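Please build the complete structure, drawing on both the sequences and the hints.
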Amino acid sequence: MLGVRIVECYPTNADGVRYRFEAPHHTGITFENPETAELYADVYFDVNGFEEAGTGDRGVPPEIIQAGRDTLVAYFLTQPGTDVNWVASFYGVKPEKVRRYASRVEKRAAGIREGAKERGME
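Under the UniProt record's numbering, the first residue of the sequence shown is numbered 1, with each subsequent residue one higher.
Each hint should be verified, as a subset may be incorrect.
As the list claims (entries may be wrong) - Quick list of in silico lysine to aspartate or glutamate cross-link-like pairs, DMTMM-like style, CA-CA up to 20 Å:
hint	residue 1	residue 2
1	94	83
2	117	22
3	107	63
4	97	35
5	94	70
6	107	35
7	107	118
8	107	70
9	117	63
10	97	118
11	107	38
12	117	106
13	97	83
14	107	96
Since the hints were made in silico from the structure, they are not lab data.
Please read these numbers as outputs of a predicted model, since none were measured by experiment.
Put into structure tokens, the structure is as follows:
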């Protein structure tokens, strides 16, 4: 939808299948599981697109910072070496709250995709 997709790939430097997020004007990024790739796509839709290029290895794209805590939490959950407990510890909240933040992003992204579909923008 809107040029955004997740494709299965089999990199030669990895064991098994990986999931590559692709979007216009975005350097593709690969994930070990489809759920993380889907959450990344949700963040992408939530902020109306962003680019990782130029943010460095540990930077966060400005669009994500400006979008608010729930979007930033969801973005953190897509990064290597982080999980719900890490993000909860970082923010000083319980893991359940982190899951609620991510769920909000998923719901908003679903609404955006549904709206685009209704307008014939696939």
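Output the numbers, in ascending order, of every earlier hint that fails for this structure.
-> Violated hints (numbers, rising): 9 and 10; every other hint is consistent with the structure.
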